[in-house]
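Protein chains in written order, with this note's numbering: chain A, 1 to 155; chain B, 156 to 436; chain C, 437 to 726.
Calculated cross-link-like contacts (lysine-lysine; reagent style DSBU-like; alpha-carbon spacing at most 30 Å):
#1 C/Lys666 / C/Lys624
#2 B/Lys333 / B/Lys372
#3 A/Lys135 / A/Lys74
#4 B/Lys308 / C/Lys622
#5 B/Lys237 / B/Lys208
#6 B/Lys283 / C/Lys666
#7 B/Lys208 / C/Lys477
#8 B/Lys266 / C/Lys622
#9 B/Lys283 / C/Lys477
#10 B/Lys332 / B/Lys208
#11 B/Lys266 / C/Lys477
So these bits of chain A aren't anywhere near chain C, every CB distance computed over 10 Å:
#12 Ser11
#13 Trp14
#14 Val42
#15 Tyr83
#16 Tyr121
#17 Ile131
#18 Phe134
#19 Thr153
In silico contact screen, one side only, chain C against chain A (beta carbon under 8 Å); selected entries:
#20 Tyr447
#21 Phe450
#22 Cys568
#23 Phe572
#24 Ser574
#25 Leu578
#26 Thr579
#27 Thr581
#28 Ile677
#29 Ile691
#30 Ile692
#31 Ala693
#32 Ser694
#33 Thr695
#34 Pro696
#35 Val697
By construction, these hints were calculated from the structure, which means they are not laboratory data.
Using N, Cα and C, we set each Cβ at its ideal position, and we do this for glycine too.
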Amino acid sequence: MRNRLTKFQRSSIWVLLLCSIGFLGILASGCTNNSNPSGGAVDVDLTMLSSTVLFAEVNNMEENPENYFGKTIKMSGAYGTAYLEETDLTYHFVVVDDVTGCCQAAMEFIWQGDHAYPEDYPEETTQIEVIGVFKSYEELGYTWYYLDVNGITIL
Amino acid sequence: MSQLACQNVTLGYEGKTVVSGLSFTVNTGDYLCIVGENGSGKSTLMKTILKLKTPVSGQILTGEGLITREIGYLPQQTAVQKDFPASVREVVRSGCLNRCGLRPFYNRQEKNMAEDAMDKLGIAPVAKSCYRELSGGQQQRVLLARALCAARKILLLDEPATGLDPKATVEMYTLVKKLNTEGITIIMISHDITAATKYASHILHLGAQTPLFFGTKEEFLESEAGRVFAGAGNGAGAGNGAGAGNGAGAGNGAGAEAGAGDGAGAEGAGAGGAGDGGVRA
Amino acid sequence: MIELIDKLVMYFQFPFVRYAMIVGILIALCSSLLGVTLVLKRFSFIGDGLSHVAFGATAIAAAMNLTNNIFLVLPITIVSAILLLRSGQNAKIKGDAALAMISVGSLAVGYLIMNIYAKTSKFSSNLSGDVCTTLFGSTSILTLTMTEVWLCIGLSALVIVVFVVFYHKIFAVTFDEDFATATGNKAKLYNLLLAVVIAIIIVVAMNLVGALLISALVIFPALSAMRVFKSFRAVTLCSGIVSVTCAALGILISIIASTPVGSTIVAVDITGFTLFAIAGQIISRRGLTS
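For reference, chain A alone in the conformation it holds in the complex (with noise of 0.2 Å):
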């Protein structure tokens, strides 16, 4: 007893089916690539992200480090400090916000070689851009996970 279909039922009916079998496409095509976008020296460009993408893929880096460790990634945001007195050191962020501008992920980068804070580092919260190789380091018990950085660019 089933109901002879209207065209609008039909047409419609058609109509899903093309999106989801267009939709399936796309997200299969992920599967092939388990790792993350490449191209040149920069294995991994963060700048061409969107803020929503950005703030979870930096918040990824940090749960599954695995998949980063020796790439060279390239990332902006503001420039941000901090200071643990634990340690007697300052350290350096590239701070990104996510959309709704209430969280913050931050990652922390070293500059190699012999620089002074406050002259050479720029201002807090300036448009940086930097790229550098994912490590990490044991400190206090945790392991902290950095960029290993060759020079500061700001924007």
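Starting from the known structure of chain A, fit chains B and C onto it as the hints suggest.
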């Protein structure tokens, strides 16, 4: 022979007693009409029979193996349903749910039963239509078809003629009577004393706090309460009570068609005297 | 257009984008299916109330330093759902005041707890960030861990299976609970089941759109479908399809255009509803029936 028995039941809600000391029995094949004024506890009684409410005291016994799965129920419509997106077929089929148990889908037999019920009530042509787009009379018939699917032995109807025009009202009562002759026990709440005396086999008259009458239709028409009620309904004066009582009997027989034409079910029209229908309204 | 597709393909290289899509679609599907029942039972506000309770429970879980807060949040929400939906129509009038009290109370107490906890913890947590994320979803769906993804998939699958198996019973209990009880069905049991399922969906959906926007996910697809379709089955199917489409579109748009995921999905839902409302008007004027 007794399918349902109320023993000394007291009903109430929110601390107020509505009926007390109610006792009556219903046998298989009976057609019981519950009448009474607003607030006399008719709906409460029906809900208590259906175990939707519990009595304050007393008990309601079911006999002859009557279980809830064999009861069909036509409740008053709720606001929710008037706007519900459901096809007629879906609504009627939902009556078969009590046969499914844990089974998730209806089988062929249940689907056929739904089709039969729709045929019987003349709503098969609108089976695919949306429930909310039907007229009041059609909606009642859909709900009655649903009740039929659920009912195997007994059918309870709560003011089935509400919101129906006179023609639809007569059709509804005729249909219910037909079901009764096919063996289904009927318990119906009605405001319409004329219809009650016309179709029912037994009458239960609830009054303020105490039940006024229970017995067969004939006994009712003879009784004090019956005469007043039926007499007032016919618009004849109390003095003509006895005459009106008998006249009602005759009038119902002969003037049935005329009465129907004039809008049976409307209390104002007098079954006995077509033109003289007093204006108790 | 081509570069848009290229960009999308690029974004889908990221595993968290794929997870977000999968989880988002499943959540949207589940909430829209149950949304039809909720809207018809006139319980549309339940989504809001329960999500506030879930927020309060999340705050407590944070204060207790639980690693996976779902083990506290889910039971609390389920119990609240059962209490609120317990007596169906009877409790409705008393229910709306009770719901308002619980809803606002949980929100306030939850925020209070989070504040106190933030001050006394060793590592200062980003309080406003946490609150913002829980209430508005933010990017929480893009930062799911594998455990969370599997949990979402498992719970969604459970909800869908329950819905399909109990479909006719859900219909009966939604259309006419009194009749269902009177004719011998276990209507109270099905109501209980509905309450539990709704609680599960709300807790899981908080990941997608945040506590404040869940109601939208539940009611908009159902309302859209009801503008056009006339049978319960058609409305349910359409509601599911609309919800999935809007969620998918919303996620895609927010990824490309850098907008918050939750609000974008709701914005797409609203657009969808407007389209369906217009379509419904046109169809009824032309006298077409489906």
